[in-house]
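Work out the full structure, taking the sequences as your base and the hints as a guide.
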Amino acid sequence: MRKRLSLVLAAVMAVSLAAAGCGGNGGGETTTAAAGGETSAAGESSAAGGSETAPGSGIDTTGFLVASINSDIQTADVHKTTKDYQIPMNIYDCLVSIEVKDDGSSEIVPALAESWEISDDALTYTFHLREGVTFHNGETLTADDVEYSFTRQLSTDGAVNTDFLAQVAGASELIEGSADTLAGFEKIDDKTFTITLSEAYAGFLACLSTPGCSIYNAKATEAAGDQFGLDPSLTVGTGPFKFAQWTINDQMILVRNEDYWKGPSALPGVLLKVVPDTETQRMMFENGQLDLIDMDYLPDAVDDFTNRFPDQIISGPRLGTTYFTMNQNIEPFNNVDVRKAVQMAIDRQAILDAMYGGRGQLENGIFPHGLYGFNENLPEITYDPEAAKALLAQAGYPNGFDMEIAADSSAADAVNQALEIIQAQLAEIGINAEIKTMDESTWLATRKAGEMGSFMSTWTADYNDPDNFIYTFFGNAENTKLRSLNYPDTAIMDRVQKARSIVDPDERVAEYRALEEKIISEDAAWVPMYSRLHPFAVSKRVQGFTVAWNGLGDVFFYGLSLSE
Amino acid sequence: MIKNILKRILIAIPVLIGVVLIIFIMLRIVPGDPVTTMMGEHVNQAVIDKVSREMGLDQPLYVQFFKYVGNALKGDFGTSYRLNRNVTKIILEAFPNTVKLSVCAAVIAWLIGITAGIVAAINQNRILDRLFMGGALAGVSMPVFMIALVLQYLFAFKLKWFPVSGYDSLIYMVLPAIALGWNSAGSIARMTRSNLVEVMQDDYIRTARAKGLMESGVIIGHALKNAMLPVVTMMALQISSMLSGAVLTESVFGIPGIGRLAVNAIENRDMPLLQGTVIFTTILVIIGNMIADMLYSVLDPRIREGA
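Order-wise, the sequence lines are chains C and A.
All residue numbers for the first sequence refer to my numbering, where the first residue is 3 and numbers rise by one.
All residue numbers for the second sequence refer to my numbering, where the first residue is 572 and numbers rise by one.
Because the hints were derived from the structure by calculation, they are not lab data.
Be aware that a few hints might be false.
In silico DSSO-like cross-links for lysine-lysine, where the CA-CA straight-line distance does not exceed 27 Å [to be verified]:
(1) A:K621 / C:K483
(2) C:K264 / C:K193
(3) C:K542 / A:K729
(4) C:K85 / A:K621
(5) C:K85 / A:K660
(6) C:K450 / A:K621
As structure tokens, this is what we get:
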């Protein structure tokens with residue numbers, strides 16, 4: 003018995019010493035006997051964890067920009083995600099891209115397509131591909147790659163970005179599976195092809211500029227199968243960076259593409275750290291462990307950072323409108339005077355100041371500042387609780403009424419705190435609003451069923467075109483129900499639908515502005531709140547940082563450099 | 572002995588089935604649609620319906636359950652909704668990191684816990700005893716995430732002795748291991764002390780002293796052996812508390828282990844991944860308990876013979 007006891011104790015000591023040794027010298031020896039689990043796998047991993055520069059990868063990350071992301075992306079295959087664009091934006095290119103000029107207006111500029119012509123009936127687009135563009139695997143870009151990409155975008159299992167190409171002739175057959183090829187695509191030669199639309203759609207070029215319409219290499223993507231977008235070595239594009247490594251829950255590494263058609267990036271690469279805890283991100287930035295941080299992750303720190311690192315906070319507009327809804331299927335929101343009263347009862351500037359330090363602009367419609375077609379002459383919605391009270395009385399509710407506001411528990415704290423301010427402001431005119439907090443899934447399900455009383459959310463642009471906003475909310479009965487708006491005017495919604503095929507730019511903008519004024523200023527279909535600035539914090543060594551044109555919140559690393 | 576182990580394994584089977592059933596049902600009675608959560612705002616309903624069909628979520632619950640169990644028996648725990656990868660593979664990749672963290676934490680817990688316990692017992696009711704037991708009490712009472720946050724703020728952010736977060740080299744392991752180990756160190760210290768104090772009053776200790784052994788010889792050669800018996804078993808049992816603590820520690824310090832996977836899976840309503848991590852940790856806890864039982868019977872012949 004004694005012998006055995008001594009043996010056990012000795013074993014425990016040995017394990018302790020071995021593991022303590024590993025902790026001391028940074029070597030790879032870890033014994034796992036104590037935990038009673040797998041042994042071989044653990045040994046390998048700790049060996050990898052011990053290396054100094056680039057753990058587990060063998061990539062020398064010296065001189066790389068270090069940025070953070072709060073959770074892993076789902077996939078780098080843009081055909082299968084509508085939100086994880088941080089990696090795709092930097093490893094792929096689109097046919098065209100969008101540049102925002104200093105005056106805030108935007109312009110579609112050539113990217114992989116060097117030039118294009120649009121037929122007189124606006125149905126046929128002829129594209130000429132840039133010469134000498136190669137993918138990361140060395141293949142040369144041809145029209146076949148474009149055809150392959152668009153066909154896959156519409157037909158692959160789990161395809162989610164089908165809307166952007168829905169106007170192309172034959173797209174719906176491909177989505178439904180009744181066709182294998184995209185009828186509207188015709189290859190002329192290796193560098194030239196045409197795309198025919200089923201009906202004219204002026205937003206089409208803007209659609210092609212979204213990361214969702216990135217161009218893949220036919221051969222590499224086909225060979226990668228379902229590992230495309232998951233296995234970095236198989237995920238190739240034409241972009242300024244190559245996807246070099248992805249360790250789940252840890253980090254992603256991008257390495258410069260030396261053959262990029264615009265010339266190689268000044269940055270040798272980017273290390274994207276997955277840091278779930280926002281407070282940790284803040285400490286890492288302050289301690290110099292991070293070069294770039296999206297301040298959306300830590301809104302509470304913006305004021306503090308702006309004071310302490312004034313030169314290191316860089317903001318830009320985000321093409322996004324925050325809106326507060328009123329469900330017209332629920333009494334008394336079917337009454338336009340009630341809706342107008344709510345519009346006037348909410349002090350939007352006070353909320354913007356309290357929650358975001360005033361960093362943003364009030365909006366009076368659907369299209370936010372910076373969006374193509376933005377109308378600065380919309381009637382201004384003023385904060386006037388007295389007039390709001392009078393309107394309520396006129397509508398037959400002199401003592402107010404009860405209503406429900408749904409809060410999504412996964413939304414940013416600032417959003418749900420803003421709801422409490424709105425609740426208090428509505429109480430001033432006698433409206434008794436109850437805030438119901440739900441988890442994200444429940445919140446979405448209720449909203450989509452068209453049964454949510456009121457909520458506040460922000461819509462940011464997929465592409466810089468008013469259609470992306472107005473059609474999403476007021477394009478047809480289904481869309482307006484999915485947002486729990488239940489806007490009833492079908493004649494107006496038909497006009498929104500028809501506006502998609504107006505070709506003349508001036509006529510189109512005029513129609514969109516008229517519709518916007520009707521829906522928001524006259525019908526008070528929602529309370530337009532504000533569009534916020536998007537602040538980033540950058541370390542002192544980062545040069546050339548600008549906030550991207552769109553509302554996606556992701557960063558183009560091309561054009562950045564480090565000063566050291 | 573072998574009969575005993577076999578019996579334990581047989582008992583583990585219904586436990587596992589129960590856990591699978593409970594987690595499966597719990598994840599599905601909460602309202603909301605995982606596909607919608609997964610895909611976000613900018614996807615139209617037709618696409619969501621199509622993807623739901625492709626994932627088999629339109630089938631009746633019992634069909635989904637039996638399919639799941641059938642595949643699980645073959646070692647296939649499905650594909651993570653969010654990460655699009657095989658669940659078993661994701662877990663096995665993350666597991667070594669959790670093991671590394673837990674082993675480092677365990678070592679710290681044992682070394683500090685046992686040493687503190689012995690020192691406290693020898694100096695019973697004196698200042699060192701009070702000091703060490705105070706620290707142990709703090710360790711037992713403070714939640715792991717709080718220790719983690721305090722350590723991170725103090726030693727990484729303010730003093731800059733360690734990196735704030737990450738997983739690049741072993742220096743990154745120090746704070747997480749202390750955060751995770753402190754709790755266990757506290758319990759081990761308290762248990763070591765109380766056992767040692769008790770044993771020191773036994774007759775055979777008096778005998779040992781009487782035959783002229785030095786006090787250190789008495790403690791190490793005689794008292795410690797018997798005093799450590801329950802402590803050793805407790806260490807094995809602490810595997811489960813290490814695992815739950817790892818969930819929090821890994822999230823605070825950004826370590827890509829099993830705990831982070833579970834938290835991510837909950838946030839994203841990633842049912843296959845969450846089921847996988849729960850089943851995997853259940854197996855670990857069962858194994859931990861089995862080791863504890865076996866150690867006990869090895870150490871204490873009364874249990875072995877009585878069984």
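Decide if the proposed pair is consistent with the structure: K85 of chain C and K660 of chain A, CA atoms, cutoff 27 Å inclusive. 25 Å, holds
When you check the alpha-carbon spacing of K621 of chain A and K483 of chain C, does it fall within 27 Å? At roughly 20 Å apart (the allowed maximum being 27 Å), K483 of chain C and K621 of chain A satisfy the hint.
With the threshold set at 27 Å, check whether the alpha-carbon distance from K264 of chain C to K193 of chain C stays at or below it. 18 Å, holds
Starting from K85 of chain C, check that the Cα of K621 of chain A is at most 27 Å away, please. Satisfied, since the Cα-Cα distance of roughly 19 Å is no more than 27 Å.
Restraint status (C-alpha distance of K542 of chain C to K729 of chain A at most 27 Å): 20 Å, holds
Given the hint that K450 of chain C pairs with K621 of chain A, test it: the Cα-Cα distance must not exceed 27 Å. 16 Å, holds
The structure shown violates none of the earlier numbered hints.
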